[in-house]
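Participant: Residues per chain, in single letters:
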Amino acid sequence: MLEFFGLESWSTALLALTAGTAIGFVVGLVPGIGGRTGLILCLPLATFFPPYEAAIFLFSMHAVVNTSGSIPNIAFGIPSSAADMATIIDGYPLAKMGRAGEALGASLSASAIGGVLGALAFLLAIPIAQPLVTSFGPPEFLMLAILGIAMVSSLSQEGLIPGLIVGALGVVASTVGVDFRSGEARFTFGWLELWDGVGLPAIVCGLFVIPEMLALKPFDTDSQKRATTTSIADVARGMLVTFNHLRVVAVSSWYGIVIGFMPSLGSSISAWLSYGYAARTTRTEIPFGQGAIAGVIAPEAANNSKEGGAMIPTLFFGIPGSSSMAIMMGLLAFVGVAVGPNLLDWNRDLGLSFSLAGAVILSNLVVIPMFLLVIPTLVRFSSIRREGIVPFAIALSIMAALIDTPRIITVVLIAIFAVIGIGMKLANWPRAPFILGYVIGDMAEASWFHTQQIYGWKVLQRPLTIGIALFIVGWLIYVVRSRPVLHIPGPRIPTLATSGGLLVGFGVVILTAFRSINLAGRTFPVAVSIFGAALCALIAWLAFRSKDDPPVEELAHVWIAAIAILAIPYFGLTVSSMAMAVAMLIAGGANIYKSILAALAFGALQFTLLAWLFDIVVEREIIGRFAWRFLGF
Amino acid sequence: MTRAILAAFFLLAGTLAAGAQAADPALAPLAGRTIRIVIGGGPGSGTDGYARPFVETLKEVLPDTTILAQNVDGGGGALAYVETQSATGAVITVVISHSSPIYHQMRGIETAAFDLTRFHWIGALTNNQRVVVVRSGLGADDYADVAALDEEMVAAVTSATSPSNVETTLLGALTDLRLRIVVDIDDDLRSALMMAGDVDLAINSFYGWVPLIDAGAVQPILRIGEEGYPPEAASLPTLASIARPGTPAKVIEIVESLNKLGRLVGAAPATPPEIVATLRAAFAEVVARPDFAAAYAARDLALAPTDGEEVARRIAGLTGDPQAAYLLNAFFACGEAEASGSDADCNP
Chain L
0 MLEFFGLESW STALLALTAG TAIGFVVGLV PGIGGRTGLI LCLPLATFFP
50 PYEAAIFLFS MHAVVNTSGS IPNIAFGIPS SAADMATIID GYPLAKMGRA
100 GEALGASLSA SAIGGVLGAL AFLLAIPIAQ PLVTSFGPPE FLMLAILGIA
150 MVSSLSQEGL IPGLIVGALG VVASTVGVDF RSGEARFTFG WLELWDGVGL
200 PAIVCGLFVI PEMLALKPFD TDSQKRATTT SIADVARGML VTFNHLRVVA
250 VSSWYGIVIG FMPSLGSSIS AWLSYGYAAR TTRTEIPFGQ GAIAGVIAPE
300 AANNSKEGGA MIPTLFFGIP GSSSMAIMMG LLAFVGVAVG PNLLDWNRDL
350 GLSFSLAGAV ILSNLVVIPM FLLVIPTLVR FSSIRREGIV PFAIALSIMA
400 ALIDTPRIIT VVLIAIFAVI GIGMKLANWP RAPFILGYVI GDMAEASWFH
450 TQQIYGWKVL QRPLTIGIAL FIVGWLIYVV RSRPVLHIPG PRIPTLATSG
500 GLLVGFGVVI LTAFRSINLA GRTFPVAVSI FGAALCALIA WLAFRSKDDP
550 PVEELAHVWI AAIAILAIPY FGLTVSSMAM AVAMLIAGGA NIYKSILAAL
600 AFGALQFTLL AWLFDIVVER EIIGRFAWRF LGF
Chain E
0 MTRAILAAFF LLAGTLAAGA QAADPALAPL AGRTIRIVIG GGPGSGTDGY
50 ARPFVETLKE VLPDTTILAQ NVDGGGGALA YVETQSATGA VITVVISHSS
100 PIYHQMRGIE TAAFDLTRFH WIGALTNNQR VVVVRSGLGA DDYADVAALD
150 EEMVAAVTSA TSPSNVETTL LGALTDLRLR IVVDIDDDLR SALMMAGDVD
200 LAINSFYGWV PLIDAGAVQP ILRIGEEGYP PEAASLPTLA SIARPGTPAK
250 VIEIVESLNK LGRLVGAAPA TPPEIVATLR AAFAEVVARP DFAAAYAARD
300 LALAPTDGEE VARRIAGLTG DPQAAYLLNA FFACGEAEAS GSDADCNP
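Going down the list, the protein sequences come from chains L and E.
According to numbering that gives the first Met the number 0, the first sequence is numbered sequentially starting from 0.
According to numbering that gives the first Met the number 0, the second sequence is numbered sequentially starting from 0.
Just chain E, same shape as in the assembly (with noise of 0.2 Å):
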């Protein structure tokens, strides 16, 4: 009885949301309907400052659609995929999550219970704008500068399964930079570390740098990628303009997408195909929005998004082709030789 009362008001909610979201046909599928949107981190975290103006500005532009959103942290973002991937029910689930699990899937990790090729790419919404830094009192200016140090290195990574130590393991491998690279780092302690001159090189996002720059304490040398950064990175060299001459091209296409995919949104692969078209349209209307766009600005968050399909595009390409993860763990077993002072050939 209590279902049979529940059924018909919902049918009649949706009925009513149908008549009143008419007037956008594109996003008329989702009108009436439940989207759980599962966020891939815990409340206040990065994720989470991405995710949440994206949640409110998505209900605005679905007004009669019924979004709920649930942060899912822990397994460094894996358990908000595995939730996802395995929601079946008539709830339309999307994950919010940062791009790790990608390496995860990549490099083989435990945690990587999921498979990202599965998944309907709604977007991304920023890129990893990643940038490598040098502490000040190196005495080095500049790219050249540090390439020319006689001296190893210390670099600090975040974890062994982190984007940073596959980054950073990388630089080493592709550069004639000779790193010695110290792991379970977090962020606080590496910059405080930087500061103290006790660590030399790390890698990160622009802005996580930001204070550290205005300070003085730290100098940015390099930018992972090629598209997507602020003006004032922009005038750095690209790990393509000084990679080691030889450097296979695809190595440096997979690491420049993983640098571009910054915050996925994707649906669960259980979603049906005119609900992914229709998830692809709101998305497109979201970040087209000002206000949008504004609330990125207030909260110092870079928003530079990729389209759906683009997304799988560069998803398929990275997860979905053995070559590339095959290159990547060559690249990174070799980069881990070298920081461990063997005389390696990174050419595999």
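Isolated chain L (complex conformation) (with noise of 0.2 Å):
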């Protein structure tokens, strides 16, 4: 039997799989981590193990990071990803409402359901492994992405046209960057840093995070107290919760394995798809985007069952089905373990595709009593006054950016989105279509400029694509049917401010693409810029004829935020994030003392993991421009 696994002991494995859970917990607990930079951490103790316990190791640890990562989405509203505002968006207000821990219950159940699905969709592929790698291209890429511009319907509560406004602009910000069709820089304005594009964590950071955080709306007592004695019994409630919802589990957890095993599409579409497909079929007592269970449900079934889906294309042949996976395939190179067809053949690796099927379904499981022992404790940071949370949440959001992209232009990045958020915030407009226009706009650029390339009209004779293509034109006449189109949600100075503001964006995007890029590569951004720009107009027209004006949110420490951020840039982020901590809670009312000494320890726990565990300390933006010159760089 060992040898069948390749495995050298059962006792190895089964202290790898424990060793690898552990430490993919604790990794998505900090933000800013993830799988991808877990994975490089964790190479050196891999060593540690003969090959194939090693892989079990490294895949025990990459299952549960997302199950852990939904605690920093859920309790504090931190995000890291893409994928993790899909869970923030209802799991957070539902923190905010002291059901912290129903809220983590429902997402570690669905996350567990989803990783064990997706680990069995792994082994159900072996016997049809090709068919279902190729059976999927470009066209199929296509509809994909025109079915998530359909959702953005289901995410704009909100309004419409607000939500068809943000998705655009979502697009349109997908298309900064090289386009590598031509070669052309598009709306790069100079900045070497945005020829990959515009870094999305610095996105979240600014669009979402800072705004939320800025919001005074502090918990009411009742709510506080309820966080404060979070119990397993809560979470225990949660779980079963879940329960309830196993279409949506099972639905969700399909869309994570059907991605993950598409080679080159971004993983945070599964979260966004099933987000949007809970959101349209799930009635619930409390609406989508204020806390209602099945949106944090339907994104942590498709987080972890991706893993499973990707692992196809991964292992049996080589092409990464992740960007994670892709370092995975690195490291099992390392490690000693390789990967290929090898992996799908009786007499020679099959045994570890069993084993690591097994690591997967197993960590899983593991990571439920971890889970358990520390949820009841992490809540109740939840429940400490909000003041005293807003500058160590911002600053570590600005971390989870800077060591994805640590350069200038992730804080000029912030900034920007920041303003934006805030305005969109005040005027009550959805955020999430931007996220979504953001991670399906290149796909469908992309997808189309291939299908046109590589398959012309021969796209008709595929029906998969014709299959997609039907459910996408009755998806719209039900959603033209039952959605009032002409809605303002907020405030008419915010609206009016926010849509004039993103008009003039609009402009400022149509006329440098005339200017100054070609016409293939204008084409896309033009058309979904007059397309915004136009929606813009009407809202703006709407809201200047409106007679309702509902009164405007309060916001808190902008000025202390802002200058905050824009001293990142001279005084590093260590020194900026302890000076902006100090300035809230004293503003806040916090003891001065107190204040600095929490200001200090802050500083120094972000200083130790960005030079010991990130190591990016030798840079300008986390030293600051002073630093690095004095010290000679």
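Please note that a few of the clues may not be correct.
Claimed, not checked - Okay, the calculated bits of chain E under chain L, using three or more residues with CB under 8 Å as the criterion: (1) 73-84; (2) 106-113.
To be verified - Listed below are several chain E residues computed to face chain L (Cβ distance under 7 Å; list not exhaustive): (3) T160; (4) A191; (5) A195; (6) D197; (7) A214; (8) A297; (9) D299; (10) L302.
Calculated directly from the structure, the hints in this document are not laboratory data.
Yeah, the Cβ is synthetic: ideal placement off N, Cα and C, and Gly gets one too.
Fit chain to chain and form the complex, with the hints in mind.
Facilitator: So this is what it looks like as structure tokens:
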């Protein structure tokens, strides 16, 4: 038996599984690490194991990163990726209601079920691996992109027109960078750093985290008390709630598996498609976007199941199904495991396929007691006075963005998107469609191009493409018939300011495109911008004529956050974060000495993480330009 | 005051380090200094995979030198060169990056905001080992079979500015293959499309193809260069051997040079000559170490080093020679014209 699985001993395999799961759990808790960086950090530990056990260690670690990653998402509203944002939309409002334990429980069981289903799909794929991998191509990607655009309406409870505008903005943002088809730079304005596009963590930080944190809406005392007393029973109740939404879990897992085995598709797409599916098909007491539990379940199930899907092309053909799997392939080579069709062969390494699927299944189960053990303690932190969390949550989110791209452009993007995000927040516009537009924009443009170039009219001979197209047509008819379209969701002045600002923004895009980009490169962004600009003009006109004018939400500490962000290039991340923390804590009424002490402790922790874990202290934006010069770089 | 204390500390550390490294006089100029190694790719990227073992072994070779590694990703490797070119401080700045920016500079692409001839080349860690493969369902076993096909073949390349686009376009210009080039298909999608039968031909490093060759999904038919290939690819014909008669030798030389220079190691233009010489000595010591070779072998990476003087000579011949850039661009334009269906005569 051991020989079939290629293992040296059961005990070593069990140790690898447990250690991998425990480390993956911790990695997921720290914002900014994520699966990819976690894998790189864990490589030295993997070398302590024999090759196949090392593979088990790496897969176990990677399988549970998303599971514990939902804890900072739900409890503190801190995302690290586009997929995280799908969980936060409903998870964080639940935490603010004092139902963090329930949301985390639901996320835990959805993640576990999704992970197990993904691993089972991997095993079931063994006899049909090749046709499975080759059945989806650019025409199907294009249809999925259009389906994603149609989903914008599901994410726009506050209003369809603002949702479409925000989605269009996300699509335009996805076109920033080199147009791979022409080799031309689009909308980079001379910044080499923008050649690879706009970094998503910076967008998420600016558009979501900063506006949410600055919106001063203290928890009500009852919620705070409930959160403080969150118990394992609350988490268990949440776990059981997932079983009331088994259809959502199954369909979301299916999305995850399918998107997972499609090479070159961003994995966050599955989380958003699942969220969109849940939002349009599930009836809930609390509306989506305000704390619907199914809104937590769907993306979490998809997030974990996609790993099983991504394992199919990665392990059987050496074609990475995701960016994490690309790194995983390199690490497997390093520990001495060769991927390829040998993992499909009964006489060679088929046993390893079973071992790895087993590792993913077991790690998704082993993580449950770990989760239950720490949740009551961790959730208690979410009930700390809001003023006590705000500076640290903002600093952690900026840190995650700078870890992703440690360049000044990140700081600039955070500042720009924070302004846009605050405008949208005050106007009560949905912001989630931006992420959906961003993740599918590039896919839509590239797939359209590839479909034309490779297939031409032969695309009409692909039944899968035609099937998805018919589904989309049906869905659009349903949306147009069932939703009020001309609705202004927020107060007049912020609506006018936001739509006016974005109208100017779309105008700048159109002018820049005509001045400096060739016809092939500008067609897509210009078309989307014209659409967005027209809708901005429409909503501005509607707001101007509207008689409803609800009160404008209040924000706090805006100037402190603005000054701290602008100070980062000069004084570095850690010094600026500490200064922001002290200023916000004192402005929030905290004791001055305690504030300084808390800021120093946070600064020390942040610097230690950057220096020892991420190894990115040698960066201007981390230590600041003054220190950079002083040290002789 | 703080600065004075720090200066005294570094002076003391430098003195101690100089004493400790006196045993190896060739490396003594680096004792007590700080080297910043700019890696032209993100953590976990291909370039990072080549760079990290080098950095770790360099730390062993230079135990009294502070070595800091920094990932600078962006612009297809260009950002790392820009960052290094502008380094003028007391810290020694060294870049490790792939060779795409050579193509960028030769083709005058916007990202080439640097001049590679100004860098002090320390060496190259590997060569690119580029091979041409076709999908197995094409029914062709070798280059002769492929060349005999009547149909136009769909060739996938990663981007308009990538080496694979240049190589594939030149392949069309220098041979009788009829290619329709589709850009913006990344490596993973390309592999899936080859398995599905939607893409016929592509170029990548030999090691990048191994899983698909093992799966029987693709068949190697040609290698771009002469040197540095693993035994499995040694029997493949070279581009030089199948190029159309009359192809200028200089063009083949350019393509082979580009193939040979993979994962370049270069010091900033402001680096003093004695430091450059010491870095070259350290590079030679690193690549000669058995543990370094073992680290590369463990990662399935090909170690095929080229010394700094040779790299400098080749880069000067590529980016510093206007005729080389002219020929590359002329044949590229011709290959593009052929790929788009024009009846071009590729003999500029």
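Participant: Name the hints, by number, that the structure is in violation of.
Facilitator: Violated hint (a single one): 10; every other hint is consistent with the structure.
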